[in-house]
Amino acid sequence: MGGPLDQRSLDSITSGDRLEGIFLVAGANLKTARNGKFFIPMTLRDHTAGVKAVRWESSQEEFREIDRNPFLRIHGRVEEYQGNLQIIIDTLEPVSASEAGLQAAEFLPRTPCDIETLERDLEQRIVSIKNESLRSLVVAILERPGLRDQLRVSPAGKSMHHAYIGGLLEHMVSLLKLADFVCDHYPWLDRDILISGVILHDIAKTTELGIDNGFNYTDEGQLLGHIVLCCNWIDEASRKVGDIDREVLLQIQHVVASHHGQLEFGSPKKPMTAEALALHYIDNLDAKLMGYMELFRSAKPGPEDSRFGSHAYMLDVRPYFPRNLDYQRPPGFTTPSSSASSPRSMGRSNWSASPTRASLRRARIATIGPSESMDGAGARPNRKTGVKASFWRSYITQLSGFSSDENVVHVSSI
407 MGGPLDQRSL
417 DSITSGDRLE
427 GIFLVAGANL
437 KTARNGKFFI
447 PMTLRDHTAG
457 VKAVRWESSQ
467 EEFREIDRNP
477 FLRIHGRVEE
487 YQGNLQIIID
497 TLEPVSASEA
507 GLQAAEFLPR
517 TPCDIETLER
527 DLEQRIVSIK
537 NESLRSLVVA
547 ILERPGLRDQ
557 LRVSPAGKSM
567 HHAYIGGLLE
577 HMVSLLKLAD
587 FVCDHYPWLD
597 RDILISGVIL
607 HDIAKTTELG
617 IDNGFNYTDE
627 GQLLGHIVLC
637 CNWIDEASRK
647 VGDIDREVLL
657 QIQHVVASHH
667 GQLEFGSPKK
677 PMTAEALALH
687 YIDNLDAKLM
697 GYMELFRSAK
707 PGPEDSRFGS
717 HAYMLDVRPY
727 FPRNLDYQRP
737 PGFTTPSSSA
747 SSPRSMGRSN
757 WSASPTRASL
767 RRARIATIGP
777 SESMDGAGAR
787 PNRKTGVKAS
797 FWRSYITQLS
807 GFSSDENVVH
817 VSSI
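No gaps in the numbering here: position 187 of the sequence shown is 593 in my numbering, and each next residue is one more.
Check before you lean on any hint, since a few could be wrong.
Stated by the list, open to error - The calculated lysine to aspartate or glutamate pairs, modelled on EDC-like cross-linking and capped at a C-alpha distance of 16 Å, are:
#1 Lys583 with Glu529
#2 Lys536 with Asp651
#3 Lys437 with Glu468
#4 Lys564 with Glu626
#5 Lys694 with Asp722
#6 Lys583 with Asp527
#7 Lys437 with Asp417
Said to hold, decoys possible - DEER-style ranges, computed between Cβ atoms:
#8 Leu656 with Arg483: 55 to 61 Å
#9 Glu642 with Ala439: 17 to 23 Å
#10 Ser502 with Gln628: 22 to 28 Å
#11 Pro593 with Ser415: 47 to 53 Å
#12 Asp625 with Asn490: 27 to 33 Å
#13 Glu642 with His717: 41 to 47 Å
#14 Arg470 with Ala439: 17 to 23 Å
Hints are computed from structural coordinates only; laboratory data are not their basis.
Model, not experiment: these values are computed from the prediction.
Note that the Cβ used here is the ideal one computed from N, Cα and C, for glycine as well.
Construct the entire structure; sequences and hints are all you get.
Here is the structure:
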């Protein structure tokens with residue numbers, strides 16, 4: 407079979423194009439048309455986008471072959487259907503991962519952020535947790551077998567926001583920065599509880615979501631979900647740590663259990679503490695804003711007014727995109743080198759030998775304030791938080807001094 411073809415990326419196709427190549431199959435279903443013949447709607451993906459596709463006049467046997475193999479080699483044509491592009495598959499050949507020498511992660515969108523930089527940011531926040539037993543609890547959960555390798559590649563969601571390789575880690579670090587701002591503005595918040603809650607609230611998405619065949623829920627994700635999984639992990643880790651205060655443990659479990667905010671959104675409890683409220687709202691803020699920008703990046707000019715996108719489920723509106731809007735990353739979010747961004751290199755990470763693991767082990771016995779861990783010498787600490795002024799200046803610069811990055815991944819709204 408050989409490797410992947412020299413093929414066009416899906417974010418560059420237009421109506422009328424002929425298309426040939428190997429793509430990842432997601433969401434294939436066998437349906438019956440009005441004429442009684444079978445057809446298979448699906449989504450074809452590469453690392454730039456996902457595009458709806460359909461195979462007409464198919465069969466149950468062909469569907470079973472597609473269902474058994476994650477990749478398809480296709481010949482087809484691109485058409486426009488109801489305002490969106492659709493691939494009509496003329497011929498197809500199911501391809502196994504072993505035959506093609508491929509990994510599904512290579513066909514999925516991925517964060518433009520540097521994974522190593524995100525890991526260092528996470529490490530610094532962990533070390534800054536002053537409550538030693540709480541810090542040990544966080545470290546114990548992060549040291550679950552295989553979790554850190556999964557954290558490097560896990561998305562934060564299946565489709566709503568940060569739905570790309572490394573999206574969970576990017577989302578986590580973004581919330582950690584927001585949490586520091588919130589704690590500076592409301593100094594009576596318990597920073598240790600909030601920072602720990604940020605790190606743990608979505609950590610079980612490493613188990614809830616799989617990437618072997620697109621972004622899909624695992625059996626654990628379907629039957630339990632990341633909130634229940636994480637609360638179980640906290641309970642297990644607390645027995646290992648042993649000396650954690652019962653009130654602190656209860657608050658951490660509540661922060662995790664309530665972070666979706668409403669019962670109908672999957673939380674068994676609404677936020678009842680200040681830290682739980684803070685986490686819920688910064689989580690929602692980051693998810694909504696990044697979801698908005700991902701909609702902007704994937705939007706196609708409409709037949710009426712191109713400034714308005716299609717109705718978005720997560721926002722419950724047709725988003726409006728001003729003509730001067732540009733999606734850009736802060737300077738600190740650097741585009742990875744080819745080796746850093748490769749899903750293959752992500753998956754082969756040896757955490758046991760990494761500086762991060764050693765630093766986290768030291769975190770069990772070291773109590774280091776945020777002013778010591780997140781800044782260099784020479785800056786004056788904030789009296790309320792202990793965080794040095796240069797840290798805030800640096801992040802404010804990130805927020806206001808955006809620079810264009812043409813390598814930002816286009817995430818399909820499909």
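* Would you pick out the hints that fail for this structure and give their numbers low to high? => 7 and 9
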